[in-house]
Structures are given as structure tokens and as C-alpha cells.
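Q: For reference, the chains in residue letters:
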Amino acid sequence: MDIAAVPAWLEASTVATAIRNSLYLFPLIESFHVLGVSIVVGTVLVIDLRLLGLASSRRPFTVIASDVFRWTWMAFALAALTGALMFATNATSYYVNTAFRTKMVMLVLAGLNMAVFEMTARRSVGDWDRDTAAPAAGRRVAILSLAIWIVVVFLGRWVGFTLSTTAAPANEEINLEELENLIPK
Amino acid sequence: MKPFAEWLAQTAPSLAIQNHEWVIPTIQSIHILAICAFVGSVLMIDLRVLGWVWRDHSLPETTARFGPWVWWALGVLLATGVLMIVGEPPRELLAISFWMKMSLVAVAIAAHAAVARRPVKALAVAAFVVVVCVIVLGRLIAYDYVWGSWSTWLKG
Chain A
1 MDIAAVPAWL
11 EASTVATAIR
21 NSLYLFPLIE
31 SFHVLGVSIV
41 VGTVLVIDLR
51 LLGLASSRRP
61 FTVIASDVFR
71 WTWMAFALAA
81 LTGALMFATN
91 ATSYYVNTAF
101 RTKMVMLVLA
111 GLNMAVFEMT
121 ARRSVGDWDR
131 DTAAPAAGRR
141 VAILSLAIWI
151 VVVFLGRWVG
161 FTLSTTAAPA
171 NEEINLEELE
181 NLIPK
Chain B
1001 MKPFAEWLAQ
1011 TAPSLAIQNH
1021 EWVIPTIQSI
1031 HILAICAFVG
1041 SVLMIDLRVL
1051 GWVWRDHSLP
1061 ETTARFGPWV
1071 WWALGVLLAT
1081 GVLMIVGEPP
1091 RELLAISFWM
1101 KMSLVAVAIA
1111 AHAAVARRPV
1121 KALAVAAFVV
1131 VVCVIVLGRL
1141 IAYDYVWGSW
1151 STWLKG
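Chains A and B supply the protein sequences, listed in that same order. When you line the first sequence up against this note's numbering, it's residues 1 to 185, in that order. When you line the second sequence up against this note's numbering, it's residues 1001 to 1156, in that order.
Here chain B stands alone, though its shape is the one from the complex (with noise of 0.2 Å):
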């Protein structure tokens, strides 16, 4: 990975966006954005199978207000991550945490792909609580020292 991430940060693109300073800021900015309407949606959708709010309606009528926004957000999040990995490769691919949420992205999905067909309370608890994990885990790859030796495996 190492390597590759080397490689990743001589390339045009690359430099393009290291040579702009408000560039990085301004995609965590819209990551952050995109965050948040992906985290107001499955709150609402796994709240809504708590019956603690949207009680008029069913949960198909409800993931199917919230649904879409959850997928825009993710391609937003997607989209602006790429550009994050692209902007600076080691900070990211060299970084556990990184990997980590990365991990955890496919499990919070697969989650709620879950709790939207089979609206089990406990399910869309535990969805909920691997969405706070990645956003966590999101920040720490700012701090990824906090893991210690695990932090420089990646990073040889």
C-alpha cells in the first residue's frame, strides 16, 4: 500500500489539489455535509422502527421518503473521499483508522439494507451505533497515532 500511495501522490491530480490549499477544506467541508444528510436519514429510518417517530407511516413509506437521500449522500461521500484519498494518499491509505471505517462503511449498509426488510429493534440500534462508530473513526484518521503501534504497520 505504501507504495501505491507514493505513487498516488506524484500523480497530476494528485498535485493539483496539494498545490491549492482550500481544496482539502472545502471537500471535508462537503464530506461533512453529506454526513450529515446521511446521518439525519438512517437516524429517521431507524428511529422510525423504534416507533419513535414518523408513527403515521409505515417503514416502507419512510425509507422510501429517507432512502433516497441516504444513497445521494452516499455518492456525495464517495465522491469526496475519492478526491480525499487522491489529494493526499498517505494520510489516508497509510492510515488503520482509514481502513478501519472502511470496514465499517460496508457493515453500516449492510445493516440497514437488513433493518429496511426485517425491522428488528435491535438491529437498527446496533446500525445505528456503526454509523457514530465510522464517523469516529472518520475523524481519527486526522489522529491515527491514538492507535499506537497499530497505527504504523500501513506505514512501514
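So here's chain A without its partners, still in its complex pose (with noise of 0.2 Å):
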């Protein structure tokens, strides 16, 4: 399959077709998106801040780490499935839209930065736990980080106000003229 013609086949699925005909659902899932996007921030705040010396600085990195992560990546996963159905809605106008290419290449710098720490600050951490501070190579992903999910969040609500079609509900019963006062900002 052409990957060209995964955004059409997405976009017309079950599941889809079934968001974009609730007057309900897009908004809930957006609103669950929020949420999981918070705590997948709020709680790398805890970890940049800690490696940067700036908060918790006199808590172990390792103990702040397994306190924090499964949170992180529970939300992460909230973060991911809520976004993935609002992409489904209008997968081919998502797929061409600049805010939303550019915000799934942070998503991969993200990752990126997170494995450069685990290959290098993290292997170490016997040596820095207990420290103010992580050393430089993990100060530097920490200030990575922070300035990629800034840009992340920024870019998630330019999505919404680039995007060319709108997520407004598709329902026959619903008077569309009404509902041109209504698009979603």
C-alpha cells in the first residue's frame, strides 16, 4: 500500500466516520488530549529541572525518575491514542499540514534526545545521582527537551487553527449554518 493513500483509507475507517458524526466525541477526545499532554510536560518539567540543578536538586535523579516516568509514559500513551483518532478524523488535511508535520518531527527529535541521554549522562548516573546537577552532556538534553515540547505545544494548537477543514460534526440532523458560527478554535 502506497503510504500516500493511508490518510484517505484512515480517514474514511469506521472509527473516523464515527468521531466526525458525534457532536461529542471530538471534542471529549481533544479535551483527553489536553490532559494527557499536560502530564506528559508537567512531568518532564520535574525530570529537565532536576537534571538542570533548578528544582528537587537534593533528591536522587534515579528515585525523582522512577517516581515521574510511569507517569510520563502513561499520559504519553493517553497523549498518543487521543491524537491518532483526531487524525483519523481528517487524516489527509492533518497529513499536509505544516504545524502537524513539523510537530511529529519534535515528537522524534524528542525520542532522539531521550536516547542520546540514555546512552550517555544516564550510563554514568552511579557517579552524578546525588549531585545539585546532572553533568553537561545531561544538562544539554535537559535544555533540549524543554525547548521541544515548548515547540510541541505551540505547534499542537497551530494545528488547530491551520488546519484547512474543520472538525465540526458532519451530523444530517444538525443545521449547518448554525454550526458555521461554531467552528472550533
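Quick caveat, the hints were computed from the structure, so don't treat them as lab data. Computed from a predicted model, the values in this text were never measured in an experiment. Ideal placement from N, C-alpha and C gives every residue a C-beta, glycine not left out. Do not take every clue at face value.
With the Cβ distance kept under 8 Å, some of the chain B side facing chain A (calculated, not the full set) [to be verified]:
#1 Val1039
#2 Gly1040
#3 Ser1041
#4 Leu1050
#5 Trp1054
#6 Arg1065
#7 Val1129
#8 Val1132
If the Cβ cut is set under 8 Å, some of the chain A residues that face chain B in the computed set are [as the list claims (entries may be wrong)]:
#9 Thr43
#10 Leu45
#11 Trp71
#12 Val152
#13 Val153
#14 Arg157
Both chains come to you apart, so use the hints to assemble them.
A: Next comes the structure, spelled out in C-alpha cells:
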């Protein structure tokens, strides 16, 4: 299957159609996307500030990481699932949207940044676990991580403002003219 | 409320925001970043009450670590929130979601003030559920029609 055909297929899927035809599903899914993103970025902030020595600096890094990361991953799963559902509803429009594409690149960069951390500073964590801040390699990862996630949040909002098609429902019983005023932003 | 919203929309600060397309998405993005700091911080406090995180620290130590972040985030949320009201008065002030959200913001703050003093597990869970409802209602401002006829009584 041609990769370019995937968005159209997704958009025509039963799940995407059901979400489009519901007044409530898209807003609710988007709300839980915001919840997931908030917990991801909020917990990443805790980790990054610890690496930089700006908060919780007297607590061992490994203890904070084991406290926080499980919540980061659970929230990421929620954000990814709700994000995928939103993507499916209008896949062909999201697929060509610059803000959306840039956001996906940023998420890949966030993953690579984490991989770099695992391969560098994390390997010697025993040497600096109780230090006020991580070594330079760890601090660089933290700064990059903060920058990437801030950009991700901005781009996420920009997707909503630049998408060519609105996610407003296409329910036949609904007066489309009334909905004109209700196009979500 | 409707005459006030219509008056506010004609004021110079409101027009200034309306005339620059990038302002509203930028304010919303900053608002969401503050939500991230707020939610991450209250999540840690609530999970500490449950005894799931920060177990090597007492609850007062945990609230001392995250409390200031909660208040700073609330300050940014208030400032960006006010700017969004000024920039799009009818969208916010005539939305039933907005007023439900504001009511629950008060409940969320009161509930967390109570949790910090008396660490009751059920209260911590309830307080976080209220925060989740605040987030959902915040997003529903953009989709106020989900409330059906309720959403029209402020719009008149």
C-alpha cells in the first residue's frame, strides 16, 4: 500500500466516521489529548529541572525518575491514542498540514534526545545521582527537551488554527448554518 | 453579560488582539504550557497524598517543592485567561462551559488547599478529578454547542 493512501483510508474508516458524525466525541477526545499532553510536559518539566539542578536537586535523580516516568508514559499513551483518533477524523488534511508535520518531527527529536540521554549521562548516573545537577551532557539534554516540548505545545495549538477542514460534525440532523458560528478554535 | 461582552469587544485592547491573527493562538499556547506546569505539580502533590510518589519526603516537603509552581502557574493562567477574554469576549463570556470551568477552578483550588492541610486520599483523588473536569470544560469553550439549549441562554 502506498503510504500516501493511508490518510484517505484512515479518514474513511468506521472509527473516523463515527467521531465525525458525533457532536461530542471530537471535543471530548481533544480534551483528553490536552490532559495527556499536560501530564507529559508537566512531568518532563520535573525531570528536566532536576537535571539542571533547578528543582528537587537534593533528591537522587534515579528516585525522581522512577517516581515520575511511569506517569509520563501513561500520559503519553493517552496523548498518542487521542492524537491518533483526531488525526484519523481528518487524516488527509492533517497529513499535509505544516504545523502537524513539524510537530511530528519535533516528537521524533524528543525521542532521539531521550535516546542520547540513555546512551550518555544516564550510563554514569551512579557518579552524579546525588549531585545538585547532572553533568554537562545531561544538562544539554534537559535544555533541548524543554525547548522541544514548548515548541510541541505551540505547534499543537497551531494545528488547530491552520487546519483547512474543520472538525465540526457532519451530522445530517444538524443545521450546518448554525454550526458556521461554532467552528472550533 | 451579552451587552458587556459586546462593549468589551469594541474596546481598544480587544481590537488590538483581534487585529493580529497570531495573538490568540500564542496566548492559548502559553495558557496550555501553564496548564502543564499546574497539572504536573498538583499531580505530584495528589500522588504524594496517595503515597505513590515522593515517599522519601513528607507531604509538607512535597507541597513546599510544588506549591510555588502551582501558584506561579495559576498566575500565568489568570493573566493569559484575562487576555483571551479581552481578545474574544463573546466566545468566553457567553459560553456556559466557561462559567462551569470558572466555578470548578474555585472548587479545584479549595480542594487542593484542603488536601495540603488534611491529606485524605479520597479527597486528593476527587481534587484531581476536578482538575481534569476543568481541563475538559476549558477545551469545551471552543465547542460550547455540546451543551445544546443550555449554551444559548447566555448568548440570548
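Q: Give a verdict on every hint.
A: Cross-check of the supplied hints:
Annotation: Val1039(B) was flagged as interfacial toward chain A, and the flag holds, the nearest CB pair being 4 Å apart, inside 8 Å. For Gly1040(B), the suggested interface contact is upheld, since its CB lies about 2 Å from the closest CB of chain A, less than 8 Å. Among the interface hints, the one on Ser1041(B) holds; its C-beta lies about 7 Å from the nearest C-beta in chain A, closer than the 8 Å criterion. Look at Leu1050(B): its Cβ only gets to about 12 Å from chain A, farther than 8 Å, so that hint breaks.
The closest approach between the C-beta of Trp1054(B) and any C-beta of chain A is roughly 6 Å, which is under the 8 Å cut-off, so the hint is satisfied. Among the interface hints, the one on Arg1065(B) holds; its C-beta lies about 6 Å from the nearest C-beta in chain A, closer than the 8 Å criterion. Against a cut-off of 8 Å between C-beta atoms, the interface hint on Val1129(B) is violated, since the closest Cβ of chain A lies about 11 Å away. Restraint check, Val1132(B) versus chain A: the minimum CB separation of about 6 Å is within 8 Å; hint holds.
The interface hint given for Thr43(A) is met, as the beta carbon of that residue sits about 5 Å from the closest beta carbon of chain B, less than 8 Å. A distance limit of 8 Å between C-beta atoms decides the matter here; for Leu45(A) the minimum to chain B is near 6 Å, and the interface restraint holds. Among the interface hints, the one on Trp71(A) holds; its C-beta lies about 7 Å from the nearest C-beta in chain B, closer than the 8 Å criterion. Because the closest C-beta pair between Val152(A) and chain B is about 10 Å apart, greater than 8 Å, the hint is violated.
With 8 Å as the threshold, the beta carbon of Val153(A) comes within range of chain B, its nearest partner Cβ sitting at about 5 Å, so the hint holds. Evaluation of the Arg157(A) hint against chain B yields a held restraint, the C-beta minimum of about 4 Å falling below 8 Å.
Checked against the numbered hints listed earlier, the structure breaks hints 4, 7, 12; every other hint is satisfied.
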